[in-house]
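Q: Spelled out, the chains give:
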Amino acid sequence: MKLLDLLGYYNYWVFAVVLMVGLYAVISKNNLIKKLIGLSIFQSAVFLLYITMDKVEGGTAPIIQAGVENQIFSNPLPQVLILTAIVVGVSTLALGLAIVVRIREAYGTIEEHEILGAD
Amino acid sequence: MIYVFALFLLTLLVITAVAIVRTTNLFVAVMLTSIFSLLMAANFFILDAADVALTEAAVGAGVTTVIFLSALALAGDVEQPRLGSRLLPLGTVGVLAVLIIYATFDKPRLGDPDAPVHQHVAPWYLEKTPEYMDIPNVVTAVLSSFRGYDTLGEVFVVFAACIGVLFILGVRPPGPAAELPAEPSGLRHHLIPQVVGRLLVPFIVLFGLYVQFHGEYGPGGGFQAGAIIATGVILYALLEGEAEALRAVPRSVLLGLVVGGALLFGAVGVVCMLMGGAFLDYSVLAADPVFGQQMGIIVIEAGVGMAVCGALLSIFHAFAAREGRP
Amino acid sequence: MLSAPLVVLLQPRGLAWAGATAAGLVSFAIAVALAMAVLGGETQTYAMGGWPAPYGIALAVDDFSALVLLLVTGAGAAALLAARPSVDKQIEEERQPLFYAAWLLGLAGLAGIVVSADAFNIFVFMEISSLASYILIAGGPDRRALPAVFKYLIMGTIGATFYLIGVGLVYMMTGTLNLADMQARIGDVVDLNPILVAAGFITIGLALKAAVFPLHVWLPNAYTHAPHMVTVFLAACATKVALYVLIRFDSMVFQDKLSDHVIQFAMFAMPLAVLGILVASAVAMFEGNLKRLLGTSSVAQIGYILLGASFVSQAGITAGAMHMFNHALAKGGLFLAVACLAYHYRDLRLSQLGGAAARMPWTCAALVLCGLSLIGVPGTAGFISKWLLITAALDAGPWGWTLVIVILVSSLMAVVYVWRIVETLYFQAPATEETGIVEAPLQLLLMTWLVALLNIAFGLAPAIPLTLAEGSAAALLGGMP
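Protein sequence lines correspond, in order, to chains A, B and C.
Each step along the first sequence adds one to the number in numbering that gives the first Met the number 0, with nothing skipped, and position 116 is 115.
Each step along the second sequence adds one to the number in numbering that gives the first Met the number 0, with nothing skipped, and position 298 is 297.
Each step along the third sequence adds one to the number in numbering that gives the first Met the number 0, with nothing skipped, and position 435 is 434.
For the record, the hints were derived by calculation from the structure and aren't laboratory data.
Careful: at least some of the hints might be erroneous.
[Stated by the list, open to error] To give an idea of the interface, some chain A residues facing chain C are shown, with a C-beta separation under 10 Å as derived from the structure:
hint, residue
1, Tyr-9
2, Val-16
3, Asn-29
4, Leu-31
5, Lys-34
6, Gln-42
7, Leu-48
8, Thr-91
9, Leu-94
10, Arg-101
11, Ile-102
12, Ala-105
[Stated by the list, open to error] Here are the in silico distance ranges between beta carbons for each label pair:
hint, chain 1, residue 1, chain 2, residue 2, range
13, B, Ala-320, C, Asp-141, 43 to 49 Å
14, C, Leu-407, B, Ile-14, 17 to 23 Å
15, B, Leu-11, C, Leu-393, 41 to 47 Å
16, B, Arg-21, A, Trp-12, 42 to 48 Å
17, C, Val-216, B, Val-94, 43 to 49 Å
18, B, Tyr-216, A, Trp-12, 34 to 40 Å
19, C, Asp-141, B, Leu-89, 46 to 52 Å
20, A, Gly-107, B, His-189, 44 to 50 Å
21, B, His-189, A, Tyr-8, 46 to 52 Å
For clarity, every value in this text was computed on a predicted model and none was experimentally measured.
From the three backbone atoms N, C-alpha and C, an ideal C-beta is built for every residue, glycine too.
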């Protein structure tokens with residue numbers, strides 16, 4: 000009981016910390032690829048938040064097995080949402096990287112301050 | 000017991016995240032990101048989210064890493080040390096973190112079955128899935144049918160990413176154009192990857208197909224399957240060289256897969272409308288509504304798998320084709 | 000039936016401009032039909048997949064949605080009709096099908112957001128439209144489009160993720176994703192902290208997408224370096240849809256529960272709106288590049304819309320909604336005129352555009368008309384919304400007079416920057432002796448004039464948008480005690 004409580008709050012704190020680590024990378028790093036990595040960390044933290052919500056004590060993955068009665072399941076809805084969100088995240092990332100590649104070709108660098116200075 | 004393990008995993012997650020931000024070698028950062036995804040996937044599994052764990056592992060740790068690496072090959076992999084003060088970002092971030100943690104104290108306890116999240120909609124899904132669809136995997140049921148419209152949107156997000164990358168990288172880069180090498184390149188001269196890879200590729204593709212069609216019975220479904228099959232082909236491309244891979248699965252086929260997958264999904268919806276139901280209401284597809292639901296789910300999952308596979312491969316080829324130019 | 004997104008989605012291979020335009024026109028027609036149905040007095044709803052909400056995803060169109068839907072599909076279709084000459088000049092032929100496909104996706108995404116009644120569904124379509132707009136902007140011929148779109152991508156994704164966090168928190172406390180359902184269930188929530196935090200996240204996330212001051216920094220560069228027709232489309236709709244979601248979420252979900260809500264929203268939104276209006280208008284007065292000037296002016300206009308909404312009164316929201324519509328007309332027309340100018344003039348800095356009026360008289364005249372609407376001269380559409388805004392401000396209590404002064408001062412600033420444009424076009428000597436600068440191609444020109452004339456038409460006869468706007472305010476305020 001106690002451990003599960005602690006774990007519950009710990010999950011949320013980890014979420015907050017990882018979220019901010021990612022955000023920090025996006026805001027303060029100059030290298031464009033680093034920013035994108037930070038962005039993906041930032042998004043992953045959100046996934047953690049949603050999935051943490053879906054756990055039910057003593058439950059199991061929401062797959063109904065024939066012949067087993069009265070199973071306790073964890074909530075399927077956040078999982079569906081996160082599946083979608085993961086795919087959206089990857090798509091954004093792919094686009095972002097394509098843009099970075101073009102920037103590299105056009106400017107010769109992927110450090111933000113150099114790019115801003117070049118124009 | 001497993002909760003201690005979870006605590007450990009979560010701590011590792013934080014450490015990895017910090018390490019990623021601090022390192023200046025981008026290659027290291029990308030590898031660490033891959034590990035980060037894997038840790039996330041393990042965590043999801045502990046939290047009973049099997050489908051999500053599979054997707055995060057396949058897409059996050061697998062495909063994302065490949066795309067990052069291809070971009071790194073084109074853009075250079077060392078980050079310059081930052082100038083300027085860190086105070087403002089650190090400050091903002093710190094304040095926000097405190098705010099969020101403050102908000103956590105009122106949240107429902109982890110695992111509490113009485114939390115609002117678990118009332119209302121969720122039990123309805125769990126109850127009604129056997130009745131309406133008779134498939135074991137509730138997540139797939141919700142994803143493809145109850146909230147199928149969202150999934151349609153998601154397929155179009157993937158589609159958008161695909162045409163976006165093709166569009167953006169469709170511009171000829173400055174400098175002399177390099178021909179695709181006439182003879183196969185790739186890792187031909189390295190024996191171990193060759194042997195192992197050749198063994199693996201057919202199994203990977205087979206596994207991908209398994210995941211696709213068993214999405215209703217166990218964790219799996221279109222997205223994971225698409226990613227897995229794409230990974231198999233990418234492995235083939237790495238081994239045999241891009242030219243061979245393009246000969247095996249040419250660009251036009253890829254584009255056809257992407258467009259076909261998206262249209263297939265949409266078409267199912269329209270067919271439902273034409274047969275008298277609402278958009279994406281599968282129960283009108285067959286005489287027996289339950290069977291209709293199952294049919295509908297299989298078809299759209301196939302559409303999803305096709306689209307994801309085609310898109311990921313197109314994106315990979317778009318990046319790879321630019322390789323070798325300075 | 001709500002097949003607007005569907006029709007657009009089924010054209011992924013925009014093989015020709017014709018295909019794209021046809022899809023755009025069909026969606027516009029559907030939007031008009033929906034608007035007429037809504038004007039008849041009922042909200043249209045539709046359950047996706049036959050599953051009733053909140054188990055399934057529902058679509059709902061009421062006055063507010065209908066208004067925004069009209070302007071989104073209208074702008075998309077109009078821009079497409081005019082697009083061909085401009086796009087041919089700016090984007091290589093092999094990439095054009097991809098470009099038009101992205102356009103359709105953007106249109107579908109925006110339309111999908113507006114008709115949806117489910118919070119997560121809004122997120123999915125928001126990302127579709129965002130990805131599409133990144134693609135469209137990146138098509139710009141100038142290499143500066145690339146860092147601009149990268150910045151937009153980063154800020155936009157942070158915004159979307161914040162929105163997702165907010166929705167997650169609300170879901171955690173209410174257990175549902177359907178907006179109407181949330182409104183009902185939020186009354187049962189005991190612990191308010193997560194809701195407050197959620198409100199904060201959602202607001203910041205959407206503010207990023209809507210370019211509310213001070214989170215607007217991505218906008219001027221993105222609009223300036225995008226291909227010209229893309230700027231027409233985006234300036235008319237993209238940010239407005241984000242504002243739409245913000246206002247809707249706020250009114251439906253948060254108003255009841257958060258006590259002193261009216262004061263809170265006003266406290267946060269109003270100062271930002273005012274700052275946005277003043278700062279942006281001031282900066283626009285000094286801008287040298289025509290597109291960037293108009294882009295910065297858009298930030299100010301977004302401030303007006305937010306200001307209207309922050310009054311949380313019948314008059315205020317009506318004003319905000321009307322301004323969404325009118326600004327789309329005015330800015331859309333202005334950017335269309337810019338596209339005409341750009342057809343022959345390579346460089347869009349004001350210093351290079353001298354004397355354009357002599358060579359492109361129709362274009363410049365249309366530009367002047369739309370500029371007048373932007374300022375809010377009586378007889379144009381812009382006047383209607385400014386007037387409503389002033390009336391709402393006067394009703395708003397002790398700060399009313401200050402706000403009226405703000406509105407008037409900023410309108411004066413608008414006069415200044417529009418005058419600068421007019422002066423350059425009509426009165427300055429040409430910078431270079433370029434021959435061969437004639438009037439813009441007919442397709443572009445016709446569309447520009449159509450939009451310019453619409454500005455006047457809706458200025459003199461604003462009945463339809465006005466009814467919808469008033470209806471929106473009533474619907475949004477319906478839950479207020």
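Q: Each hint needs a verdict: does it hold in this structure or not?
A: Hints, verified against the model:
Annotation: Tyr-9 of chain A was flagged as interfacial toward chain C, and the flag is violated, the nearest CB pair being 17 Å apart, outside 10 Å. Checking Val-16 of chain A against chain C: minimum C-beta separation of about 14 Å lies over 10 Å; hint violated. Of the supplied interface hints, the one on Asn-29 of chain A is violated, with its beta-carbon coming no nearer than about 12 Å to a beta-carbon of chain C, more than 10 Å. Nearest Cβ of chain C to the Cβ of Leu-31 of chain A: about 7 Å, under the 10 Å cut. The hint holds.
About 6 Å separates the beta-carbon of Lys-34 of chain A from the nearest beta-carbon of chain C, less than 10 Å, and the hint is met. Annotation: interface hint on Gln-42 of chain A holds; nearest CB of chain C at approximately 6 Å, less than 10 Å. At a threshold of 10 Å, the smallest CB-CB gap from Leu-48 of chain A to chain C is about 6 Å, leaving the interface hint in force. The beta carbon of Thr-91 of chain A is positioned within 10 Å of a beta carbon in chain C (closest approach about 5 Å), and the interface hint is therefore held.
Given hint, Leu-94 of chain A at the interface with chain C, holds; its Cβ is 6 Å from that chain's nearest Cβ, closer than 10 Å. A least Cβ separation of about 5 Å between Arg-101 of chain A and chain C falls short of the 10 Å threshold, and the interface hint therefore holds. For Ile-102 of chain A, the shortest C-beta to C-beta distance to chain C is roughly 5 Å, which falls under 10 Å, so the interface hint holds. A cut of 10 Å between beta carbons decides the hint on Ala-105 of chain A: the least distance to chain C is about 4 Å, and the hint holds.
Against the hinted window of 43 to 49 Å, the Cβ-Cβ separation of Ala-320 of chain B and Asp-141 of chain C comes to about 24 Å, which falls outside the hint. For Leu-407 of chain C and Ile-14 of chain B, the Cβ-Cβ distance of about 57 Å falls outside the hinted range of 17 to 23 Å, so the restraint is violated. Distance hint for Leu-11 of chain B and Leu-393 of chain C: a CB-CB separation of about 60 Å, inconsistent with the stated range 41 to 47 Å. Distance hint for Arg-21 of chain B and Trp-12 of chain A: a CB-CB separation of about 20 Å, inconsistent with the stated range 42 to 48 Å.
About 20 Å separates the C-beta atoms of Val-216 of chain C and Val-94 of chain B, a value inconsistent with the hinted range of 43 to 49 Å. For Tyr-216 of chain B and Trp-12 of chain A, the Cβ-Cβ distance of about 36 Å falls inside the hinted range of 34 to 40 Å, so the restraint holds. A C-beta distance of roughly 35 Å is found between Asp-141 of chain C and Leu-89 of chain B, which places it outside the suggested range of 46 to 52 Å. The given range of 44 to 50 Å is broken by Gly-107 of chain A and His-189 of chain B, whose C-beta atoms sit roughly 33 Å from each other.
Checked against the given bound of 46 to 52 Å, the beta carbons of His-189 of chain B and Tyr-8 of chain A, roughly 49 Å apart, stay inside it.
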